[in-house]
Amino acid sequence: MKTNNILLKFILAAYLVVFFGYLLGPLVVMSITAFNSPSFPKLTPWECLTFEWFDVLAHDERILNGIENSLIIGIGTVILSVIMGLAGALMLTQIWPKLRATYYTIVIAPILIPGVVLGISTLVFWDRISIMLGMSSGGILHNGIFLTILGQSTFIASYCMLVFIARLQRFDTGLTEAALDLGATQVQAFRKILLPFMKPAIGSAAVLAFLASFENYNTTTFTFGKFPTLTIELAQKVRYGINPSISALAFIIIVLTILGALAHEIYRRRQQLALANGAPVAAVSGGFQLPKIFRGNPAAIILVLLTLGGASTLWFAQSYSPDVCKMDVREQKRLIQEERIKAIREKRQLELQQKQHQGPDVFGGSKSAAPATQSPGKGAFGNVFDPGNLDKSGPGAVKPQEPTKSPGKGAFGDVFAPQNLDKAAPKED
Amino acid sequence: MNVGQLFKDFFAKNGIGLGTFLLVAVLFWVVILIVLPQLSMLDFSFRHHLPPPEMGGPKDTYTIEHYKYLVLGAPGADTSYNVVDLGVFGRTLLAALFVTILDLLLCYPLAYYLGQSRGGGAIRILVLLLIIPYWINEILRAFAFRIIFGESGLINEMMLAMGLISNPVDFIRANVALYAGLGYAYILLMIFPIYNVIESLDRNQIEAARDMGAPWWRIHWRIVIPYAKPGISSGCTMVFMLSAGALAAPQILGGPSSLWFTQIIYQWFNTGGNWPRGAAFAIVLLVTCIIIVLSMMRLFKVKIGDIGK
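Keeping their order, the protein sequence lines are chains A and B. Just so we're aligned, residue 1 is where the first sequence starts under this note's numbering, counting upward by one. Just so we're aligned, residue 430 is where the second sequence starts under this note's numbering, counting upward by one.
Don't read these hints as lab results, they were simulated from the structure. As the structure is a computational prediction, the values presented were derived from the model and not from experiment. Just so it is clear, CB atoms sit at the ideal spot from N, CA and C, and this is done for glycine as well. Misleading hints may appear alongside valid ones.
[What the hints assert, rightly or not] Between beta-carbon pairs, the in silico distance windows are:
{"#": "1", "chain 1": "A", "residue 1": "25", "chain 2": "B", "residue 2": "435", "range": "49 to 59 Å"}
{"#": "2", "chain 1": "A", "residue 1": "357", "chain 2": "B", "residue 2": "523", "range": "51 to 61 Å"}
{"#": "3", "chain 1": "B", "residue 1": "491", "chain 2": "A", "residue 2": "59", "range": "26 to 36 Å"}
{"#": "4", "chain 1": "A", "residue 1": "97", "chain 2": "B", "residue 2": "558", "range": "35 to 45 Å"}
{"#": "5", "chain 1": "B", "residue 1": "456", "chain 2": "A", "residue 2": "143", "range": "20 to 30 Å"}
{"#": "6", "chain 1": "A", "residue 1": "184", "chain 2": "B", "residue 2": "639", "range": "47 to 57 Å"}
{"#": "7", "chain 1": "A", "residue 1": "187", "chain 2": "B", "residue 2": "546", "range": "39 to 49 Å"}
{"#": "8", "chain 1": "A", "residue 1": "96", "chain 2": "B", "residue 2": "719", "range": "56 to 66 Å"}
{"#": "9", "chain 1": "B", "residue 1": "491", "chain 2": "A", "residue 2": "252", "range": "50 to 60 Å"}
{"#": "10", "chain 1": "B", "residue 1": "556", "chain 2": "A", "residue 2": "341", "range": "54 to 64 Å"}
{"#": "11", "chain 1": "B", "residue 1": "702", "chain 2": "A", "residue 2": "59", "range": "27 to 37 Å"}
{"#": "12", "chain 1": "B", "residue 1": "456", "chain 2": "A", "residue 2": "101", "range": "14 to 24 Å"}
[As the list claims (entries may be wrong)] With a Cα cut of at most 25 Å, we get these calculated SDA-like pairs of lysine to any residue:
{"#": "13", "chain 1": "A", "residue 1": "192", "chain 2": "B", "residue 2": "446"}
{"#": "14", "chain 1": "A", "residue 1": "98", "chain 2": "B", "residue 2": "444"}
{"#": "15", "chain 1": "B", "residue 1": "442", "chain 2": "A", "residue 2": "171"}
So here's chain B without its partners, still in its complex pose (with noise of 0.2 Å):
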């Protein structure tokens, strides 16, 4: 079967006019909105960061500058590795690990509650109190950790006014309001994939190990977690990235001495004006999320058709 048929076959399934619509939109939409710009982003990340009059001229050949500003700094340091981005970077990775595992934890229970329980209005309820903070702005939610976890925010006036401490915690330098604030953003995402596969689980396996005697840890070890696995997967997928990728809660609740990978990459594309530096920095982000999840879902045996499920 040679493209032209395939093409002939299209048509003739769709009309012309139809046809024309569908491979239109959807070539727009693959190519120019998505592969194109990533294409022209990892190409942008190689080149010379020049004024715009010399773009396309003489100096503007390929480089891998930008790669080897990350890894090994500016030409002339004191470190022999750019300590900081590097820093930056492992740390960006490591919390977003430390939240998606936050996340899971507090989820799963739930998750398994509700996709067990049949219907009901409670239930219902529950469901709807769950969606509602999705839908409130992200930077609104930030901002809501900010009024809590800041320096005369409502935790710090409550125990100093109960005396368990004497001075206000500085929960923003610690990162305890950016952890809190991340992991709430994307609560949401965690907790509907496991949600949705636990709740087409067999009630009858579960009754058959617990008649079986297997202890409720077991039942969970055994049954569940394998049968959820798609679902929890996906969920600690999308959080993973999302957490990785995060710039408003970051720059929201992070504190000063802490920033965030998209923190530096924002700081290039803005105050730096460096573009192709910035554009190098995020395919890094990219490249390495991409890789960290490939692998992730190779260890589970997990495919990416059951992402977004």
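One chain only, chain A, in its complex shape (with noise of 0.2 Å):
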């Protein structure tokens, strides 16, 4: 029994470093691979460590114009998102019993249709409608920022109305009734019950929704016009060309993602610190209790080191320069070369020796007519075939040269033409 749970426990735990692995190391492949200095991104063979392709990055002007139109288009649709997506909601709770099925059909609908399918029928739609209206080419129905908003608005309110649905399924109708009986509005109790209530699932819905919408690129690939997003520019960087910068972002967006959850993290510990220990947040977070942060917050301590790595980091960035290395790396690429341009010679007189080899054979039926004239023969190809003439000049050129130094021209005419050699070698074989 004992070997058993042993023999289990190492099967989870191989399993565990499989699967995370898979999920992990292609990401930590590509950071690597930003501080390699090939121009193609590479992990192996690992040249210099630079910081170049950062700078590289910091001056494209296609990313940083995609970076902008991301955060407009991301902005736009976290707003309509989650307005749609409340509504959406709320209607939820109270529609007709009997349409409910429906509409939660359609409205879940957007999240399984081809993120492809919906940038078209947003594109075709707003295109027929402007035609409808005859408006020209280039009005607001055709502008990219809008189509794209809109477009991904469409299943984005979607994620956004989960969010809400879930928070709304804790809500005690009880209180909004309470605030009408005591006479408020409709509008003040939605306003200072509701609103309030739900603030952190509008909270949450508006970062799910604006990362949705910044990492979106099925759907924007059809409607973003003249204004690319930053997906759209990498994936054209991807696909037709790539370089370590690309690496540089990925591994930025990384470190930013690492430092946004552990950020959530620690707040979520001290959330539940506070509630265990019945204080209010503020209580747990304050300045000078800080370190007590750290106790049992792994994701607290892991923050504080990733910050002073990143930091010393930036401080060996300011100061390190790769360009001795490089040096070094030419150079011993240029070393390789030549040792390979030097095999490809040698390799070449291999062969022509070979050939020479071969060329009393290939004359085998006129050998018993002239033996006498192999020696002058070969003297005269001594010439044609010397390495280094066929290096330079190849087959072609050596054709003219042959014929007026041999002595066997008389007897063999053009026998022995190089030319001839070459049809000939193929019937006699």
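Dock the two chains into a complex; use the hints.
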């Protein structure tokens, strides 16, 4: 029984390692390539530690422009989809029961509809509307930002709605009723009771919406028009020639993500701690008690370590220059290149010698007739077969030199001419 | 109860201002963003491919030429069926199914493990580690797989260095990179629905079964899997739909000889410049995916309300 347990534990551990290796390995590899100097993102061979790709990234106009467009579209999408998602969730609680299932199917469908289809339908629909209204093709209905916000909000609002529904299920409608009984207007009850209750959900829905908008590709690729977002720019870069500045961007995004996740985790820990102690959050998070948050809170420790590591790396990057190392690598590459050329030369020489040996065999037919001509013939060919000659000019240029010097020419005519040789060889085999 | 009464009740409950806001926001979303664009795309897919000035003119009639094209190919082609496009379509669906099964096999054990272990800091960190890759841009994730599986990528270089192979293996052409990348992209959508369901499973049921002497596989087969069915089917539905509709990963990781159906749609819209045909193909993709998902749900007796939980 016990060995069985150990085996099970071992299998579980191995499985976890494989799973998280699959999940995190690619991100780690990609991050590391941002610091390697070859202009194609590679982990091996490791050449030089460099920070130049971050520099390249910071001067990439298209990337910067893409980030700007992504931010504008992201903010628009957040506003639109949070509003629609909230309204959709509230509507679900009030809708006529017979319609409920149909309504839910319709508003949840955008999550399941392929993003490509959403993008296309948005594009087609607004194109037709603008034709119907007789608007020019440069009008707002063809504006990439407008179309992208609408296209993305179609399905991101569904995500938001799911978040709101989850929160609404815990809402006590008695609260609103009490407020109304006490003389509050509908709007007041909504603003003072329901909205504060929904606030955390609104926050997380907004974050979710922004992230979904920021990384969306399938829908945006049909609607972006003249305003490519960061994701579109990245896709174009990745498809048509890549360099490690993309890895650098990925590295930055990964670090930001980890920091965000850790900060969120710390916040949750604090809240739990506060709940457990029966004290408000502020008491636990006070400046004086700051070290307390490290207790039993690995996330905070990791966060601090990461920050320290980041700061020291930045300091190092300021003072570090990869030029010397790069020169070395270049020198090494040159040497390797030279060696390769040398090797190729030798190989050619060898091939040539083999050809030379084959030469007499090819003429096998005329051998008996003129054994004496072999040596003069060879002498004549000696020049032609000179490896240096061939290396420079190739077989094509060899032809004209040869016959003039050949003493055997009289006896054999053009038999020994190399072009004949080429033609004749297959026949005699 | 008539419709007028319904509206009256609605406004009485919410007040004029709030009620109008709710109604306008929901109608805008449902009608203008969801329903009308889909209908307009459906309509558009039955139109001839015309230059803009002729739209709405006498030539702008309904036709099924684009659907015909997908099934039968261009008129006058050598084959009687459009082998290329239909082949791509079938292969896309099969590959999406393959990715879904791969993800399910990979995720179920972890979801079970996470769901059954109660709380704990380590579990929280694991969940955090699960979420982090999902926040990284889809393009960048595909890009990472290209670095790993490329011709001079990590795996090839390592295998070359270890002497396992003498020539680089073309993982891109063999679609290994594509399947790995797609499975990776949607792994979270498989794990969380299953995890959420298993988390609520009463542990006593498992212990009771164990006490009765059931082997571990029967516990899973008879207790855990039936209980987790809504989560499993909702995860599978999402992964299948998203893989079949994926565009970025096939564009970046797909081999030169194997297209994804969405790439064909993309081509009709961009380089091909035939929007109605692209719309028709998109409709085919949408309808097929819906049919497959609905029949899977019917098969496993799961309701649409379970999706997205």
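Right, here's what the structure says about each hint:
1. A:25 - B:435: 49 to 59 Å: Roughly 56 Å apart at Cβ, these two residues keep to the hinted range, so it holds.
2. A:357 - B:523: 51 to 61 Å: The hinted range 51 to 61 Å holds for residue 357 of chain A and residue 523 of chain B, with Cβ atoms some 57 Å apart.
3. B:491 - A:59: 26 to 36 Å: This hint is violated: roughly 53 Å between Cβ atoms.
4. A:97 - B:558: 35 to 45 Å: holds (42 Å)
5. B:456 - A:143: 20 to 30 Å: Given range 20 to 30 Å: holds, Cβ gap about 23 Å.
6. A:184 - B:639: 47 to 57 Å: Since residue 184 of chain A and residue 639 of chain B have Cβ atoms about 55 Å apart, the given range 47 to 57 Å holds.
7. A:187 - B:546: 39 to 49 Å: holds (47 Å)
8. A:96 - B:719: 56 to 66 Å: violated (25 Å)
9. B:491 - A:252: 50 to 60 Å: For residue 252 of chain A against residue 491 of chain B, whose Cβ atoms are near 51 Å apart, the range 50 to 60 Å holds.
10. B:556 - A:341: 54 to 64 Å: holds (56 Å)
11. B:702 - A:59: 27 to 37 Å: holds (35 Å)
12. B:456 - A:101: 14 to 24 Å: Cβ of residue 456 of chain B to Cβ of residue 101 of chain A: about 19 Å, so the range 14 to 24 Å holds.
13. A:192 - B:446: holds (15 Å)
14. A:98 - B:444: holds (23 Å)
15. B:442 - A:171: Given pair residue 442 of chain B, residue 171 of chain A holds - Cα atoms ~17 Å apart, limit 25 Å.
In terms of the numbered hints stated before, the structure departs from hints 3 and 8, listed from lowest to highest.
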